[in-house]
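These protein sequence lines are chains A and B, in that order. Residues 1 to 987 in the working numbering are what the first sequence lists, from first letter to last. Residues 988 to 1440 in the working numbering are what the second sequence lists, from first letter to last.
Hints listed in this document are in silico derivations from the structure and should not be mistaken for laboratory results. We put the beta carbon where it would ideally sit given N, CA and C, even for glycine. Be aware that one or more of the hints could be misleading.
As a list, the in silico DSS-like pairs of lysine-lysine whose alpha-carbon atoms are at most 27 Å apart [unchecked claim]:
1) A:Lys296 to A:Lys267
2) A:Lys882 to B:Lys1047
3) A:Lys683 to A:Lys296
4) B:Lys1047 to A:Lys778
5) A:Lys870 to B:Lys1047
6) A:Lys611 to A:Lys299
7) A:Lys146 to A:Lys163
8) B:Lys1002 to B:Lys1177
9) A:Lys717 to A:Lys267
Beta-carbon label-pair distances, calculated as ranges [unchecked claim]:
10) A:Gln86 to B:Ile1399: 44 to 54 Å
11) A:Ala57 to B:Gly1135: 19 to 29 Å
12) B:Gly1135 to A:Arg236: 47 to 57 Å
13) B:Ser1309 to A:Lys915: 45 to 55 Å
14) A:Lys735 to B:Gln1343: 42 to 52 Å
15) B:Gln1312 to A:Tyr924: 31 to 41 Å
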Amino acid sequence: MKTDRKNPKESENLARGENENTSESNNNRLLDLFEVDFVRQGTSRRDFLKVLGFSFASAAVLASCKRPVLKALPYIIQPPELTPGQALYYASSYYDGHEYSGILVKTRDGRPIKIEGNALCSFNKEGTTARVQASVLSLYDDARLKSPTEDNLPVSWEIIDKKITSELTRINSTGGEIVLLTSSILSPSTAKLINEFGARFKNFKWVQYDAISYSAVLEANSICFGRQVIPDYHFRNTSVVVSINADFLGTWVSPVHFIPDYISRRKPDNEEKDMLLHIHFESGMSLTGANADIRKKIKPSEEKILLIDLYNKIAEKTGGEIFPGVPYREDLSELAGNLIESKGKAIVLSGTNNVDIQIIVNGINLLLGSYTECIDLNNSLNIASGIDSNMENLVNELNNGTVNALIMYNVNPVYDYPDSNKFLAGIKKTELTINMTVSLNETVGRCKYECPVHHYLELWDDSEIIPGQLSLSQPCINPIFDTRSFQDSLLKWTGKSTPYHNYLISNWEKTYYPHSAFSDFRKFWNESLGNGIFSYKVPERNSFNFNKEGLNKVMKSSSNVLSNGYEIIISESVSLGTGLHANNPWLMELPDPISRQCWENVAAVSLTDAKKLGLQMGSLVKIADGLILPAFIQPGQTEGTISVSLGYGHTNSGPVCKNIGVNMYPFVRISERNKMYGFSIDKPDNTLKRKQLALTQEHYSMEGRPIVRETVLSKYKKDPSSGNEFHKEFESTHKTLYPDVKYDGFRWGLSIDLNSCVGCNSCVIACQAENNIPVVGKNEVIRRRIMHWIKIDRYYSDNPDNPLVYFQPLVCQHCDNAPCENVCPVSATNHSSEGLNQMTYNRCVGTKYCINNCPYKVRRFNWYRYTNNKAFDFNTASDLGKMVLNPDVTVRERGVVEKCSLCVQRIQEKKLQAKLENRRLKDYEIKTACMQACPSGAIVFGNLNDRNSKVSRLFTDPRKYALLEELHTLPSVGYLTKIRNDEKLNT
Amino acid sequence: MYNRKIRGPLIEGNKTLGQITEEIINPLDVRPGLWWTIAFGIASAAALFGGYAIYITVNKGIGTWGVNNSVAWGWEIVNFVWWIGIGHAGTAFSIFLLILRQRWRTSINRAAEAMTVFAVISAALFPALHMGRIWLAFYIFPYPNTRGPLWVNFNSPLFWDFTAITAYLLISVSFWYLGMLPDLATIRDKTASRLRKTLYGFFSLGWTGSSRHWIRYESLSFILGGIAAVLVVSVHSIVATDFAVGIEPGWHTTIFPPFFVVGAIFSGFAMVMTLMVLIRRIYKLTDYITDNHMDAIARILVFISLIMGTAYLTEIFIAWYSGNQYEMFTFFRNRITGDYTIQFWGMIVCNALIPQLFWFRKMRRNWKWLLFVSLSINVGMWLERYNIVVTSLSKDFLPSNWVSYTPTIIDIGVFAGTLGLFGVGVLLFMRYIPMLAISELKGVVHIGNKTED
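Can you build the whole structure from these sequences, using the hints too?
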């Protein structure tokens, strides 16, 4: 035993060149204490302390639990670009078949841990959506497919390639039909590859399919203009926007692209003090409706009547052709007047997936001269290209048995095709079925071969969101599982040995390099890859011609039957989108911005209907066979309509979303060749049972308190501080006996513009990803223990049947006179010399006094151990999921209080960087996670001591106020009043 | 001075000194009745349930309670304040009545002090359990350390609280225990059992009853009494600052410290009355704890009840008079009306209205009424704390944070556990310690007796 001890000591001593003997004898003397004889000797008085000490120490050692040994392995060969502790950012792009963003991927020690918007990408700038922010967690999802399988048994890639190639060859030799079914493909290189792949076969078809379809827009534009595109909507050039059931700030087409454009015209602090007038018609309450100046309720069946009437009213005044039609139940001449007045600067939008409606909308926009200043058909958005009838035809073909091979990529028709049974029956009749997808979903296991693909952070790709605006995707981590990109599989099956990476480079060299100004391709490539983007001017296409035939046909054939029953609206969920990312616990626990409820989809009913049907919050209501949902009483819901969101109700998926909520896709109907996201019933039944909803906010009224302060444009023009009268009053009463605290260096502040915030929730997930915020699960949300450091409060005012809606992001206010600080008995929360209210987790014993004494209630308590706890089996319970954790932020223990730190780790990082470079910090250099993710730029962080910083200027804005400023807490967070446009209403 | 004709003797039945010793020590020597065993069983079961609830709390986390991110203090703090209030009675009895030279206290003070000790122990459990990281509870001790040194936050009412409760517990235990010395010695001298002789001998600290001992004993009582008198006032004032220092509507009021002290004495006296009604009936100690004693406590209760009623009205008036909309909301829309009306009106009825029955002499001398009123005061005082802690937090400044609060089975378990602990303590006290202060009783046996006239 002794020799065991000696060996390391020996070498240590030799290394130090010390006298071995002395230390040896010391060691021996020390070790004597442990000799057996020593214990037998009995203790003398002199040894008492020794024995006492030893027994205490050993008792302590024995009693203390063993801590698990965690090993961190260093690099054997350090990559030159990698400094431990420093993040590396890679430019990439996000596209999941439904949503696109140019992004930067933050990696630490080879792990992607955070997604930021790529400021160079003009499509979304720095803004991102919640789903993009959360996508990094899906990389570390245990529900990802881990290896290729044949008949649900794992096989190697070699075998599966051989089998697939031979089967494809066999089918091709007999002239069998081979169909590739993909989600919308944004990548020009992939599209090229697919065409090359298909060219090898005699009978090949490529079908693109979108779970949430924009087919009607594509088809309508094809009919009207001969271009099958989704145009870009330039809100920055508009003065009036009339949108009908198009939630373009929440879900429709590309909110991340529209929000900054829209918000740029919603800020009246320009010279003309002018802002966009937004009128929104909708059935259920959406983010867009919540942000509109005027929100009107309609039933889905009234939309066509409304549009025809509006067309006629506009045509009447602009001299267009008037079609016969039923007048809408309200007089639209005022609306038409507003639109005509802003001719050339107006947009009319509809989000309904119906070709007729989209054609009328096109007709109206044409009358208003919206093309191409406001609606741009040239720089169209390639976000979706699926045509509903193509998929329908494919399913019919599959059932007829005419398809011999079906290759699926990134689609989940078993879950999201309306008639999934028909689809399933179809693929059973198909000889060769291959499925390529990232994670476990309903379609997985239904095909002969599963060829799992990389997560988007593991692969090479490119995207062309707008013609001429390209971006690249690059792998930021080695593939975690035995997966292969879709493109590599196609190349393999084409018989080529080149990896897709090379294919991509050579395609760029051929196609895009000539458009660049670089003389060397390598330089061009490196530059493009570094920036993540490359854009070039696509030659303008000829001016469009409007084909009036389509419109004539629609207008003349239009006969619309109004239903007397209830109309169900099936809409996309702001959190989950199509449902592709439902297994992402961050998104699952992200409250819907309107209902503030999560972990389930609900049936939103109006107040009147709830009363009529005897429904309460959470009453289970039977809408159709197999469709029982908890009711959510939604102020602003149109009477006679019920809104339900998509994305829930997975049956074969990861544990997070399995059997959570109801899948609404089976209730999508295909009518007049388009998917109709809705249906009607006579009357829903109250089952008289109730369920508790995971609500994160129960009370919707501000109770007359000056919490969100607002004004209208006409008053703002007279006095920019209108609506903010309390500010002056409260400021004048601030008295203190204590001397003012001086902040010598920095003094951090955050400004939140309530007029810019659309409530999109992006900041919530950005914060969660940045600050390692745990997911707590449905039961804990019900018990009001959600951990989000930033939450977006939603208030209603005015008439509850069609209320005004307010959003208020709420973070720790970092009060200079913080009530939480003086009550903590152990000084675990205190004030920094830079004005931050800091939380010292190590010191916190969890008395929760600070939570009580915080008037904003922004402090969160770790009620349980949320890490390594199988009771909270979300990302922090597994080693894989924990890879997403930000190493710069402590993971909090059970029993401590946590809250917004204004991203103190980011402040420190940039401060140090500036110090190393011996320069002053620049304004906007430090960005909190919420600020960086915000697509509308509503959140501004900066140094209040610097008079020229943006945040200081915002703090002196007459619209600025502090929340609950009458309490004299002196917050470092300021809010700017909300302004609604009340002008041009009475023209 | 003492008008026997009006007030009657302090101790009835013309007891001799020997008789007093005999009658009071008797319950210690005979086997307890079946009721004792049953009561002890129930109390132990409750205590065990509490033990389980505490185990779950410590093992899993405070998440097992009903508290949430808006109402971060719930039943446990309600119970804490309630127990601390009850824990006021003994000391208040002994000290205030000692200072006021109310010699009738001698029949009651021992039991009241015992009750204080168990109540304060029960109370002290809650703040400890309420810590998220109970294993780091020592952070709250101000001691020189190697962490900086890091000191506690002397501004925090919770630190004051900790100091006050610790001091109060120490002083009440000493006061109670040292006051028992002569009686313990009496048992030592009387008992036949060797074990008892040894144990009581050990705990009587070698009391011989010499006049020197008596002199020291008396002066120590006065010194401890003097300290405790301050503490009675300070402890609950400081507990009140936990709330009064906070900015929550309904908390931030200057009336709280006196209001809390009075409330504490109110609940303490009520608890004393509950116990006395039971003890004097079960142990047939009506000669020592006479109707006059109960009458006196009842008079005090009716007086305090008036103060409480006034305080409630004052709070409501000030909420309205301040013009503070948050205060207005808390009082008028979350207590008087709203989700918590039952608790609010329950408090008013139990604390301000029911005790008014004690204006009637008949009620003051009927044990059933005494028991009913004293119990309803105890319930009322619990509701008062519930009103303060929960209603203010559940709906404070920002409506988006409003929540409703419901306790879990674990919350109930911890409370039941402390009731059990208190019960076990009181029952053991009845069994092993003289319930009345024999030596002090002997000092007042002559008062009001005919022999004295």
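Going through the hints against the structure:
The straight-line distance between the Cα atoms of A:Lys296 and A:Lys267 is roughly 23 Å, inside the 27 Å bound, and the hint therefore holds. For the hint pairing A:Lys882 with B:Lys1047, the CA-to-CA distance comes to about 21 Å; that is within 27 Å, so the pair holds. For a cut-off of 27 Å, the pair hint linking A:Lys683 to A:Lys296 stands: about 23 Å separates their Cα positions. Among the hinted pairs, B:Lys1047 with A:Lys778 is consistent with the structure: their alpha-carbon atoms are about 18 Å apart, no more than 27 Å.
In summary, the hint linking A:Lys870 to B:Lys1047 is supported, as the alpha carbons are separated by about 12 Å, within the 27 Å threshold. Note on A:Lys611 and A:Lys299: the hinted pairing holds, with a Cα-Cα distance of about 19 Å set against a maximum of 27 Å. With a CA separation close to 20 Å, the supplied pair A:Lys146 and A:Lys163 stays within the 27 Å bound. Only pairs whose Cα atoms come within 27 Å are accepted, and B:Lys1002 paired with B:Lys1177 is accepted, the gap being roughly 19 Å.
A threshold of 27 Å between alpha carbons decides the hint, and for A:Lys717 with A:Lys267 the separation of about 12 Å falls inside it, so the pair holds. Checking the proposed 44 to 54 Å range against A:Gln86 and B:Ile1399 shows it holds: the Cβ atoms sit about 52 Å from each other. The supplied range of 19 to 29 Å is met by A:Ala57 and B:Gly1135, whose beta-carbon atoms lie about 25 Å from each other. For B:Gly1135 and A:Arg236, the Cβ-Cβ distance of about 55 Å falls inside the hinted range of 47 to 57 Å, so the restraint holds.
Our hint of 45 to 55 Å for B:Ser1309 and A:Lys915 holds, since their Cβ atoms are close to 50 Å apart. Between A:Lys735 and B:Gln1343 the CB atoms are about 44 Å apart, so this pair conforms to the stated range of 42 to 52 Å. At roughly 38 Å, the beta-carbon separation of B:Gln1312 and A:Tyr924 lies within the given 31 to 41 Å, and the hint holds.
In terms of the numbered hints stated before, the structure departs from none.
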